[in-house]
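A.B. asks: Okay, here's what each chain looks like letter by letter:
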Amino acid sequence: MPVLVVDNLKKTYSSKHGGNRSKALNGISFQVEKGEFVGIMGPSGAGKSTLLNVIATIDQATSGDVVIGGQDLGRMDHEKLAMFRREKLGFIFQDYNLLDTMTFRENIELPLVLSKVSPDHIEKKVNEIAKILGIEDLLEKYPYEVSGGQRQRASAARAMISNPELILADEPTGALDSRSSAELLQCLTNLNEKNQATILLVTHDAFAASYCRRILFIKDGEIFTEIDRGGNRKEFFDQILKVLAVLGGDNRELL
Amino acid sequence: MNFYSMAVNNIKRKSETYFTYFLSTTFAVAIFYIFCTIYYNPEFADFHTGISKIGIVFQFSAVIVLGFSSIFVFYANSLFIRSRKKEIAIFSLLGMRKREIGLLLFTETLIVGVCSAACGILLGSLFSRFFSMILVKLMLGGAPGNHMSFRLTWQPVVISFGVFLLLFVLNAFYSMRIIYKSKLIDLLSAAKEGEKAPEFSWISSGLSFAMILSAYVILLNFNGNEGAIRLIKPVILAGVLLVAGTYLLFQNVIILIFSKCKNNNTFYLKTGNFISISQLIYRIKANANMFCVIALMSAFTITLMSGVISFYISLNSSMTIYAPYSYLCRNIDASVKKQVLHAVQQDKSVQLYAVTDIDVLTTKASLEGYKVDTNSEYGKITTSVGEKFDLDIIRFSDYQKVIRDTKAKESNGNKGAIYVSTLKKGDCLFLDGNYGHDYSDRIDGKNIHVVTDSGEKDFHITGVSLFKYMGAAHARTTLVIPDEDARTDFADQGRYQVNHCFGLKLGNPLEAGALYDKLNTIVSAGNRDMSYLEYHQLLFNMYGAYIFIGIFLGILFLLAAGSIIFYKQLMEARDDEGRYEILRKIGMSKKEVEASVHRQIAAAFLLPSAVALIHSVVILITYQHMVYTIAVDSPILWYVFAVVMIYFLIYAMFYLLSVRGYLSVVWKEN
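Taken in order, these protein sequences are the chains called A and B.
Take the first sequence: its letter number 218 is residue 244 in this note's numbering, and every next letter is one higher.
Take the second sequence: its letter number 441 is residue 945 in this note's numbering, and every next letter is one higher.
I should point out that these hints are in silico values taken from the structure, not numbers from a laboratory.
Heads up, a few of these hints could be off.
Unchecked claim - With the Cβ distance kept under 7 Å, some of the chain A side facing chain B (calculated, not the full set):
hint, residue
1, I84
2, D85
3, A108
4, R112
5, N123
6, A271
7, L273
Predicted model only: the values in this text are computed from it and were never measured.
Note that the Cβ used here is the ideal one computed from N, Cα and C, for glycine as well.
Isolated chain A, as found in the complex:
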């Protein structure tokens, strides 16, 4: 059974005065299987963030269905959505969204604390995940004391800790330099390969996208094309650049 099923998803924004309806999503459908590492690319305004927000239960679609782990998001109320996010989803944002008032350890612990997991288990789990992401020495630090790359790894650790069905990453390398980006992406790849984590990565960056196994290209709220990674990462990277060139016109920023 696929982890994520998106079926004919539409989202229309109406401006505040009622007129000028603009379509952000125009009937998108795709599936993500367990253990996949899928990238979503497209020019600015293509609908990437809207799509991610809808999948993340942050925003509601106008029509269409999103089914995650067999559960239809459209049929859940606030209470259930909260429980659902707690158990099934993990988030990584461009601006980290770590809590300034908590140490790395506390930030990473938070999802498990909310799920009322036993303290022994929490500690074991935190140490384990911190090791995979290479931040075991930083656990007692506060977010403002460390670099952006380290913060983003803590945020990845928080997303991973509760073994969610699906990890949603929104431009996670957007604020990082190339070395930190490469390190973070390698971590995500490790999580994907070793822990069978299912990851959905939205990005502008062809380099970041080249770590994925499959990429969906979106243009004007619709799926433009999709490509699979056959050989090594270098070849995949070139392939991505070619598609972006075809996507055309306003996507020079992608390079």
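Once you've looked at the hints, dock chain B against the given chain A.
C.D. replies: Same frame as chain A, now just chain B:
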């Protein structure tokens, strides 16, 4: 880690943000508690402030403290919530249920609330004895009084704690409601959407000036002779104009001024100005409402504090208007007089300074452009301009004895005694019985037509004053005429009503309580005035309580105003974080950022206080006009100056706190 420890952690880590909130609420609780202890202290039950018992006054003040604290706590709380929308969004994303988030914030609000209530009560208990003593001192005003026994009772503790706990619980519920109502996507983007900016217009700018100026004109033209009830309408009108005008001022004029600065390139394009002005315009638009509230609140505070302080300080000198003599009798016969003097001589504890024994003659007179408008022991008397009125006549030698015996003071205005060594035949001094100088201003040098033995006779007025030589209660317009004129023109005493005044002036009028009691048994009630001590108690009991309340409310308002600005700055710092990050990246040095932040925050503090200052000076000038009964010129503006200095000192403290808080947010050392 559980909810409770998360809440405690949050408070600990945000201690700097919570500090001023904690300080202000603690202070509010402490004041409320102290007012309650005074209300519940049986010792105070006998004190009266004017017409009402002191307990009522303090009960009323406690309600004001509570009302004000509710507004402050509510405002601070909603600022807190707004600054934490992002945090709430993260909690929500991680799958925290709204109920749980609500519970977390509820716990936080409650912990801070309970702590500040407890601290406030503790602080209040520690100092309530001290403050009760100060209150008694203020209310006695130097007169000897009994020492208070003091004990802590349980009611104030229970009431303060209960009332404030209720306040915090209500606020905690309010926080929960916000969370329940909000959508996740709005929370996530909350920080990005700016506050709605008002557009300025020339019409509103003009209107705001017109409103404020007309409020000033109304205030400055208050007629002191009119009764309090007739002043209610203009006071309300001026108040509304002032509030509305100030509101429009901040909505329009200030923005306009800064926009003009922006257009002036030579000024605008200097590094420091560039950053702070563009920030300020952005800020002032968003802060116009807050600035308006702070300005009005500060104006109120400065006025209140300067008013009560100057009034209290001038009370001692104004005692002579009410009771120039320590003990004043009227129309007593020789045997009573003898008994009185005998009683005084027997009492070894008092020093008799002088005894005045004079006759005051009452006749009729008319004077062009003058009218009487008084309310004294003769009842309310109003004549029309130029009409005949009752006039008291005293001889120049008697007048000189009175001012010598009562040690009457001269004044710069025309309120004090007139000291002249001689009075020419046909000349006279005019002691106006009115309270205001509206009529007496126009009559110096004129002739007054007085009914004498031989018909009407003109006297030439060579001196005019509002001096109340026998005390304000017996004030009637009086003419001082040369002795020889009195002998020739008022020889037929049978034609006039004659009042015989017999005044005792003691060297230590406050310590002669026993003597007054004894004299009261000798002189019948109709023939004596209240003693100096009674007047003193009347004034000081009332104003002593008022100054006490005024100072406390003033400090509370000040603290609250300061901390509101502080919060606002701290919140803005969070919004500005990105902006300063950019400025830093494009090469602004730490020094330049600091200078810019200093300037920006200084404007946030100075703009409202400058407006407040101008408002309060105008109101206080009016006030000075109104306090006509004070014979000695009270240097109100000096007290205003002192109050303003203290005000700015406390403000400066909040300013520095704000700058520090702001910089720690926008300039993080990595």
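A.B. asks: Are the hints correct? Go through all of them and say.
C.D. replies: Outcome of the hint check:
1. Because the beta carbon of I84 (chain A) sits about 5 Å from the nearest beta carbon in chain B, less than 7 Å, this interface hint is met.
2. At a threshold of 7 Å, the smallest CB-CB gap from D85 (chain A) to chain B is about 5 Å, leaving the interface hint in force.
3. Because the smallest distance between the Cβ of A108 (chain A) and any Cβ of chain B comes to about 4 Å, under 7 Å, the interface hint for this residue holds.
4. The closest approach between the C-beta of R112 (chain A) and any C-beta of chain B is roughly 2 Å, which is under the 7 Å cut-off, so the hint is satisfied.
5. Checking N123 (chain A) against chain B by beta carbon gives a least distance of about 5 Å; that is within 7 Å, so the hint holds.
6. Contact between A271 (chain A) and chain B, as hinted, is not supported at the beta carbon level, the nearest pair being about 32 Å apart and thus beyond 7 Å.
7. Nearest Cβ of chain B to the Cβ of L273 (chain A): about 27 Å, over the 7 Å cut. The hint is violated.
Consistency with the previously given hints fails for numbers 6 and 7, ordered from lowest to highest.
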